[in-house]
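Chemist: The residues making up each chain are set out below.
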Amino acid sequence: MSLQKGFMPKLIIDNIAVEVAEGVTVLEAAQSVGIHIPHFCWHPALGKAGACRVCAVKMVDGPVKGIQMSCMLPAQDGMVVSTTDQEAMAMRRQVIEWLMINHPHDCPVCDEGGECQLQDYTIAGGHGLRSYTGKKRTHINQYLGPHIEHEMNRCIQCYRCVRFYQEFAGGTDFGVMGSAGRIYYGRVEGGQLESPFSGNLVDICPTGVFTDKTARFRARYWDYDMAPSVCPHCSLGCNTVPAARYRELLKIVARRNDAVNGWFICDKGRFTNSVVNDPARPRYPLVDGRKVGWDEALDNLLLRIREFGAVHGPESLAIVGSSRLAMEAATLLYRLFAGIAAGSLCYFTLEEEADQARAAITHLNDATSASMGDVQEADLIALVDCDLLQDGPMMALAVRQAWRKGAKIFLVENDVAPEAQKGLPFEWQSVSLLSDIPIREARKPVIICGRGKGMQDVAPALTSGVKLAYLLGGPNAFGAALLSAGHGATTLAQAVASGKVKGILAVEVDIPPELLQGISFIAALDWRATAIVKAAHIVLPTTAWVEMDGTYINNEGRAQRFKKVMHPGLPIMGLDPAGHPPRRHETAPPGGEPRPAWQVVADIIERTGTERDVQPLSGQWQWLRHLDAESPGQRIWQNMKQVK
Amino acid sequence: MEQPLFRHNKPGRSVTFDEYRAEGGFVALAKAMQGLSPDQVQQAVIDSGMRGRGGAGFPTGKKWSFVPRNLPGPRWLICNCDEMEPGTYKDRVLLEANPYSLLEGMVLACYAIGVRHAFIFIRRGYEQAAANLRRGVAECLQAGLLGENILGSSFSCDIDVHVSAGRYICGEETALMNALEGKRANPRSKPPFPAVKGLWGGPTVVNNAESLANVPGIIANGPEWFKGLARTPEAAGMKLFCISGHVAKTGCFELPLGMPLGEIIEGPCGGMRPGSRFKACLPGGASTPFFTEEHLHIPMDFDPVAKAGSRLGTGGIVVFDQDTCMVAATLNLTRFYARESCGWCTPCREGLPYVNHVLETIEAGKGSEEHITILREHVKLLNNAFCALAPGAMGPVDGLLRHFMDELREHIVKGRCPCKKDLCQN
Chain X
21 MSLQKGFMPK LIIDNIAVEV AEGVTVLEAA QSVGIHIPHF CWHPALGKAG ACRVCAVKMV
81 DGPVKGIQMS CMLPAQDGMV VSTTDQEAMA MRRQVIEWLM INHPHDCPVC DEGGECQLQD
141 YTIAGGHGLR SYTGKKRTHI NQYLGPHIEH EMNRCIQCYR CVRFYQEFAG GTDFGVMGSA
201 GRIYYGRVEG GQLESPFSGN LVDICPTGVF TDKTARFRAR YWDYDMAPSV CPHCSLGCNT
261 VPAARYRELL KIVARRNDAV NGWFICDKGR FTNSVVNDPA RPRYPLVDGR KVGWDEALDN
321 LLLRIREFGA VHGPESLAIV GSSRLAMEAA TLLYRLFAGI AAGSLCYFTL EEEADQARAA
381 ITHLNDATSA SMGDVQEADL IALVDCDLLQ DGPMMALAVR QAWRKGAKIF LVENDVAPEA
441 QKGLPFEWQS VSLLSDIPIR EARKPVIICG RGKGMQDVAP ALTSGVKLAY LLGGPNAFGA
501 ALLSAGHGAT TLAQAVASGK VKGILAVEVD IPPELLQGIS FIAALDWRAT AIVKAAHIVL
561 PTTAWVEMDG TYINNEGRAQ RFKKVMHPGL PIMGLDPAGH PPRRHETAPP GGEPRPAWQV
621 VADIIERTGT ERDVQPLSGQ WQWLRHLDAE SPGQRIWQNM KQVK
Chain U
206 MEQPLFRHNK PGRSVTFDEY RAEGGFVALA KAMQGLSPDQ VQQAVIDSGM RGRGGAGFPT
266 GKKWSFVPRN LPGPRWLICN CDEMEPGTYK DRVLLEANPY SLLEGMVLAC YAIGVRHAFI
326 FIRRGYEQAA ANLRRGVAEC LQAGLLGENI LGSSFSCDID VHVSAGRYIC GEETALMNAL
386 EGKRANPRSK PPFPAVKGLW GGPTVVNNAE SLANVPGIIA NGPEWFKGLA RTPEAAGMKL
446 FCISGHVAKT GCFELPLGMP LGEIIEGPCG GMRPGSRFKA CLPGGASTPF FTEEHLHIPM
506 DFDPVAKAGS RLGTGGIVVF DQDTCMVAAT LNLTRFYARE SCGWCTPCRE GLPYVNHVLE
566 TIEAGKGSEE HITILREHVK LLNNAFCALA PGAMGPVDGL LRHFMDELRE HIVKGRCPCK
626 KDLCQN
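As they're listed, the protein sequences go chains X and U.
Each residue of the first sequence is one higher than the one before, counting from 21 in my numbering.
Each residue of the second sequence is one higher than the one before, counting from 206 in my numbering.
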């Protein structure tokens, strides 16, 4: 082995010449040329364990000979590897047979069936009849909380779950017990899993030990409506794949993006299907609580706006967006604002959230903005005024990975509330001031700022080489801040304080009740049954993120596209015997009226008569139209010289 | 016949500190502290040709030499006294009679390798041996033979006695280190080898208790003396053999390496029991393939035994007579290994219970030719396990297939165990 820098071992795998970076395993080298070697315990994020022994290959020539585990063996110069050698295949076949000795033959009633690695390899390896005639080993399952179903009999002891839960995610209440044939993965006593990342057990288990309870017995893999998506529950923009069937969102799994969330997502992002399936969601356009068609609702809205303008003056109307509104609609708000000559345009409700987002767009650029991938590689991390587990759990997981590699973590004590320090999955050193942290001595320092006023203190610590990450308020807070700054928008709190706001057109925004005092007219576009929807005179139902294409710009300035997963509509929850056969005949799915917010805004603009054929993402935002949902996303600075 | 380890033994009790010292104990330590460099101690052990007594037979001095000299941070010595191999009880006999040879040997080893703190990892059941060691450590500290500035030299060294929680796998050196660190006793992958990265990431040497106990003799009397103790020129030193089974006198004997198997049975063991004829034996503990009558002439040393298709292992010889069912004997052994698997890798965790099941089926008279194929496959494929436990477990099965195929087939053909005397019950 050469110690030369940049040395690339060359080897031959199944007659294909492969050149890989030093330290890459034979298994990964094979993957790089499209040869899939079966594996259970090896996982790209968790590395090797050498436990399952199913990745056996035959080393035909070179420094190592014979049957070897390809996940354990670093690629070396001169290796000649065969994955199809009889001896290697016999070993792999035997491993599958061993694993199937105790695995129940319950695939037809197992939720993992169809997306089960063990099932795939069992079929691929040709193991159909077993010669073992003894009894199968059985276990007693545990209650692990409302989200995860535990079925230990299916376990093949690959140790992925415990390696993720304890090593990767820092959880302490779940582990491996017993020895020999009695290995058991679980808690000392049944109970809800404590880790905020516990849901990843569902993704990482190669078979059906951990399945998503919310989707239990609902659909097979091939039944799902699926599309690449982005999580809307915080500003980090973790990549997901929501899975739906019959207009019901059944589950959400993680989608790999090394720059953002890696292979995992948090439980908040995974287990919040219910907001989409909520029966109380606004499903129909409403005028004064009366169900109406879209045309009537929109006509009525325009009429009311004109009437309102006649009484209070059009400048008394505020158009309010939010950090959860996707870029498509957010970029149209200004045109609506101009079209109806409203008085205020707001992208943020409260001052604090706007300040933080403004700080982010001011201080961040392509060089200074830290992605979660950068955070994982940092050697020093300063936490300033942030509640990681509340405002961006995956950021805490990224910090943990840096910490595991030896990074020093500092927490500015005065700025982080004691309750926000609980449960952080890494060790840190408390300091009272940011200036106490030896940032200059670090090679790859990152400062992570949460919401709030810690921000003003950060600027002096910024020297070259320091990267910054912000935890913002919503999935598109960064985009909203860009638009807000570009259009000179105010916050709703400011506009209300000035006393001139009498009416509000709320576009997917939550508004606290104290800002609604003295407001005589409310129209709300939303897909959530919020307080303002309930209070609104006119309600225009919009689609949830899984029901449309859209774009969010995450906390680091990365624009990411998400695709429509499912049609909006009331979930089919089974036949009601009283209503069978159905007496109503419709050509559209019931409850399917919601439209993407951008489309509703565009409709309103068109009805004002100022513009025709309104399309989202025009002008300087046009590049977003070509964003590939399956790409890692693009940072705005790569596409926009000057952001306005 | 000189007995470097057993020469201090007192009938019915442990040797006292004063007796051990009066009989020439700690002479080697004094010699090293006064005039030998660490390298000289190491060289003497290398020159003695001593091979590790724990089972693998790796040369002890060579193992020490693998520890990098220039790495910063602490390095460690661990005495592996987690003696769990069925049929092996030499360390217990040694330490119940005399803990001082081991302690002296450990201080010498620490001196040679540059270790400040050493551990004795001892099996839970060895209460008397552990008590002896603890007492010995206290006495040595008192006498300045352990602790700060040993015998007035600049060398300091401490020894801790750690009682294991008790699993067979803890005897595997990397699993042992995990256990010592308070983790699950799963083996670690090699490389990195313990000599480079072991206990708490530091360079670590793990030696068997008997190996370390032999070091004082080597230092006191020289490597040539040690070599000369063996029966054959290729072998080096005396070895503790523990013989159990159907011999007239079972026990642990210190005998020269290279003594033929038959001579051990006929000599110290006084032959077979009345009415028993030698049928087979495990030559070196439960993980070694059987020897039969044709092997009685084999000199009991590492290479000759390996050449004859088995392993010297720990020197735990288990002798079976003509009435023993070899299928049942093998099953007894594989049951032990299946139970003691740590559960880390598939071949061991799932393969060994499968082998049990097959042997049970054959023993119950329900076997078929296919079962023999399954056993053959397992002997081959269990070599691909994570550590040496599963391949070791297949040693007796391998021996069964090589030497007792007729007996195995008889089970299948007759549909019952041919060795069972009471055939009505079968």
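One should not assume that every hint holds.
Unchecked claim - Derived pair list, reagent style BS3-like, types lysine-lysine, alpha-carbon separation capped at 25 Å:
hint, chain 1, residue 1, chain 2, residue 2
1, U, 585, U, 512
2, X, 78, X, 30
3, U, 267, X, 78
4, U, 402, U, 267
5, U, 267, U, 395
6, X, 425, U, 395
7, U, 571, X, 156
8, X, 428, U, 402
9, X, 68, U, 388
10, U, 454, U, 432
11, U, 402, U, 432
12, X, 288, X, 311
13, U, 432, U, 236
14, X, 68, X, 78
15, X, 233, X, 584
16, X, 425, U, 402
17, U, 388, X, 85
18, U, 395, X, 30
19, U, 571, U, 585
20, X, 68, X, 85
21, X, 78, U, 585
22, U, 236, X, 85
23, X, 155, U, 571
24, U, 388, X, 425
25, X, 68, X, 288
26, X, 428, X, 442
27, U, 215, X, 68
28, U, 432, U, 267
29, X, 30, X, 85
30, U, 215, U, 454
31, X, 85, U, 454
32, X, 68, U, 395
33, X, 68, U, 236
No lab work stands behind these hints: they were computed from the structure.
Note that the structure is predicted; figures quoted are calculated from it, not measured.
Chemist: Out of the numbered hints, which ones does the structure contradict?
Modeler: Hints 3, 10, 11, 12, 17, 22, 25, 27, 31, 33 contradicted; others consistent.
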